[in-house]
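Going down the list, the protein sequences come from chains A and B. The first sequence begins at 1 in my numbering and counts up one residue at a time. The second sequence begins at 1 in my numbering and counts up one residue at a time.
Hint data in this document are derived by calculation from the structure and do not stem from the laboratory. Only a predicted model underlies this, so the values are computations on that prediction, with no experimental measurement involved. Don't take each hint at face value.
To be verified - Below, computed lysine-lysine pairings styled on DSBU-like, alpha-carbon distance capped at 30 Å:
#1 K15/A with K182/B
#2 K303/A with K339/A
#3 K126/A with K19/B
#4 K182/B with K132/A
#5 K41/B with K126/A
Said to hold, decoys possible - Computed beta-carbon distance windows for the label pairs:
#6 I405/A with W22/B: 25 to 35 Å
#7 M1/A with M134/B: 52 to 62 Å
#8 E129/A with F130/B: 46 to 56 Å
#9 E197/A with G13/B: 35 to 45 Å
#10 Y261/B with G395/A: 54 to 64 Å
#11 I163/B with L134/A: 42 to 52 Å
#12 Q53/B with A128/A: 31 to 41 Å
#13 G17/B with E109/A: 45 to 55 Å
#14 G13/B with D400/A: 39 to 49 Å
#15 M134/B with I405/A: 51 to 61 Å
#16 I36/B with H203/A: 41 to 51 Å
#17 Y40/B with E129/A: 23 to 33 Å
Ideal Cβ positions, reconstructed from N, Cα and C, are used throughout, including at glycine.
These are the residues of each chain, in order.
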Amino acid sequence: MKPAIEIRNLGKEYKLAASQPYVALRDILSNGAKNLFKTKKEKEKFWALQDINLDILPGERVGIIGRNGAGKSTLLKIISRITPPTTGSAIIRGRVGSLLEVGTGFHPELTGRENIYLNGSILGLKKAEINKQLDAIIDFSGVEKFIDTPLKHYSSGMQLRLAFSVAAHLEPEILLIDEVLAVGDAEFQKKCIGKMEEVSKSHGRTIVFVSHNLDSLRKFCSTTLLLDNGRIVEQGNTEKIISLYVSKHLDTNAEVFWEKGTSSYNNEIILHKAWLHDETKIIRSRFDTTENLGISMEYEVLKEDISFTHGINIFNQEQVNIFNSHDVVTGNKEMRKRKGRYTATAWIPGNLLTEGVFSISVAIFLPNPVHVMIHEQNILSAEIFTDFSKLSARGNYAGDFPGVIRPLLKWELAKKD
Amino acid sequence: MSKFITNIHPPSGFSLGLKELWQYRELFYFFTWRDIKVKYKQTYLGIIWALLQPLGMMLIFTFLFSKTWPINTGTIQYPVFVLSGLILWNLFNSAVSHAGESMIQNANIINKIYFPRLIIPGSSVLVALFDFLMGFIIFVILCFFYQQNIHFSAIWFFPAGIIVTIIAAFGAGSFLAALNVKYRDFRYTIPFMLQVLFFGSQIIYPLQSIQQSWLKYVLAINPVNTALEFFRAPLSAAKVDAAVVGIGLTSTFLLLLAGIYFFRKTEAYFADLA
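Working from the sequences, and respecting the hints, build out all of it.
Below you can see the structure in the form of structure tokens.
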């Protein structure tokens with residue numbers, strides 16, 4: 001069987017523009033005058049993709065992961081023919097449908113029905129196919145009441161549902177999807193994934209799926225490839241690749257040991273171990289947003305009767321210090337501790353951290369006056385995710401949710417009459 | 001196994017891509033349909049404005065040139081002469097300027113999905129043609145009003161004039177569209193260039209009234225002059241000026257080739273630039 005997608009030595013080079021990709025004619029003219037007397041400077045270039053070799057068989061569902069800028073979207077754009085490669089070639093066998101965004105070409109002045117035709121034909125559906133599917137699309141979207149109303153009167157949620165419905169009814173042999181499933185409300189997202197899965201399984205559709213969302217990759221793709229710096233680092237079983245990605249790039253780290261202990265700043269206390277765990281004491285690095293996250297440290301006091309306290313710092317991926325905390329109960333001078341081994345645990349309550357990867361520092365110190373005995377920076381890291389099984393601050397909203405923390409607040413509603 | 005096979009490789013060589021354009025003809029239709037629909041949904045006055053604007057211009061030019069500086073337009077009455085020039089010019093003008101802007105206006109779609117990019121300036125030209133047809137109705141009414149003689153044996157010169165205009169506008173429009181993606185400030189020069197071209201076209205004066213033959217032949221390079229030479233042929237008994245038409249058709253053809261060539265050469269990188 002010939003592969004549906006056959007990629008050979010594919011590479012894409014971009015010229016690094018200082019500020020904008022396009023050029024102003026006035027700059028060319030004015031620089032031209034200046035450059036008459038100068039030798040031409042080479043523009044800086046970089047390879048967004050290099051040496052990509054890949055075979056995807058018909059019916060295979062392949063995920064692509066990697067950090068931002070690893071080249072995932074560039075690869076998808078080349079396969080969808082939006083941008084050409086600089087080197088190499090690819091052969092695509094089958095009708096391609098690419099979903100780099102949902103609702104491409106939606107126009108606010110047109111009605112829902114008109115937008116189905118416009119978007120559908122942009123996505124590659126023939127008019128006859130849209131005619132045939134129209135009722136199913138409208139029915140699936142759940143906005144039939146407003147289908148002849150201009151799109152500008154739709155809420156953003158309704159627009160998304162309509163866009164997803166068109167996307168879910170695409171029936172190309174090869175479907176390329178970029179991150180788009182990460183928007184919209186969770187319930188509807190599930191419905192779309194379900195529909196796509198159903199179609200892809202029964203029709204043996206080939207799917208290439210780029211996502212940051214590890215859970216949807218797990219659900220959707222049998223094999224996955226990991227990109228880094230424009231190259232394929234590894235490919236294989238999705239579960240295996242995800243754990244490689246997580247350990248390599250997200251650096252989640254549930255446990256650290258020091259065989260002989262570490263005593264960064266002192267000779268009074270040595271730290272043996274630090275770890276993350278849940279309420280049942282199981283050590284792990286992935287937590288649902290609603291779960292309580294335990295951070296424990298095991299240390300040995302070498303000197304009799306010293307006083308100190310424990311602390312943690314939490315940083316997000318943007319290196320923002322989300323918060324610090326120290327043990328204010330055991331942390332006063334009057335509470336002296338005897339020689340021996342201790343375990344201290346801090347509990348970060350559920351519904352506080354947002355999704356993402358957080359790095360955690362642990363410290364043993366004396367606050368007043370500050371005297372740091374142990375400070376191990378960013379030694380632990382945890383991935384926080386939402387699986388929608390319990391009530392979180394997301395409700396059933398699955399779209400972009402900004403904010404540094406995400407508490408589940410108590411809301412009250414009173415009716416005035 | 002599917003019969004659709006796509007080969008992806010670095011851009012090389014040149015082809016018109018006609019086969020692919022044909023495959024995507026429905027998208028061509030939908031883009032045109034979208035623009036017409038949106039245009040007339042936004043303003044009902046839009047239609048009326050599209051009709052009033054050339055009529056108003058016609059009145060101004062008629063007032064200026066029939067009373068103060070009479071121009072000899074042969075057997076065509078001046079208001080008919082000027083309106084025929086204005087509606088055909090408007091077709092060229094709006095096709096070129098909309099096609100020139102079209103790639104930037106549709107950048108969000110270009111960045112997200114593949115289709116033959118020529119569809120975009122092409123559908124801008126078709127939208128302009130739709131507006132023109134409305135103006136043409138007014139023109140026909142005006143012909144009746146002034147009891148303009150129409151030579152029915154030469155009636156096919158009407159579509160010939162329109163086709164020349166469309167081809168020239170498509171060539172120039174795709175050239176400008178590609179240029180606009182690369183040099184964003186180029187668009188500010190387009191209205192000025194069109195303004196110059198307006199006076200270089202036989203809209204308010206006939207080319208025959210120019211005494212210096214060299215100037216006439218220079219102006220003949222402008223495809224609009226050839227288009228108007230054709231378009232007015234059914235109105236006058238006079239024959240079309242073969243020299244003017246010969247020069248004009250050649251330049252129209254070259255303009256189309258140059259426009260498509262430049263567009264096709266640069267289109268691969270539109271998504272990287274836009």
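Verification of the hints:
no. : hint                           : in the structure
1   : K15/A with K182/B              : 14 Å, holds
2   : K303/A with K339/A             : 6 Å, holds
3   : K126/A with K19/B              : 17 Å, holds
4   : K182/B with K132/A             : 41 Å, violated
5   : K41/B with K126/A              : 25 Å, holds
6   : I405/A with W22/B: 25 to 35 Å  : 56 Å, violated
7   : M1/A with M134/B: 52 to 62 Å   : 56 Å, holds
8   : E129/A with F130/B: 46 to 56 Å : 26 Å, violated
9   : E197/A with G13/B: 35 to 45 Å  : 41 Å, holds
10  : Y261/B with G395/A: 54 to 64 Å : 55 Å, holds
11  : I163/B with L134/A: 42 to 52 Å : 36 Å, violated
12  : Q53/B with A128/A: 31 to 41 Å  : 39 Å, holds
13  : G17/B with E109/A: 45 to 55 Å  : 31 Å, violated
14  : G13/B with D400/A: 39 to 49 Å  : 43 Å, holds
15  : M134/B with I405/A: 51 to 61 Å : 59 Å, holds
16  : I36/B with H203/A: 41 to 51 Å  : 36 Å, violated
17  : Y40/B with E129/A: 23 to 33 Å  : 27 Å, holds
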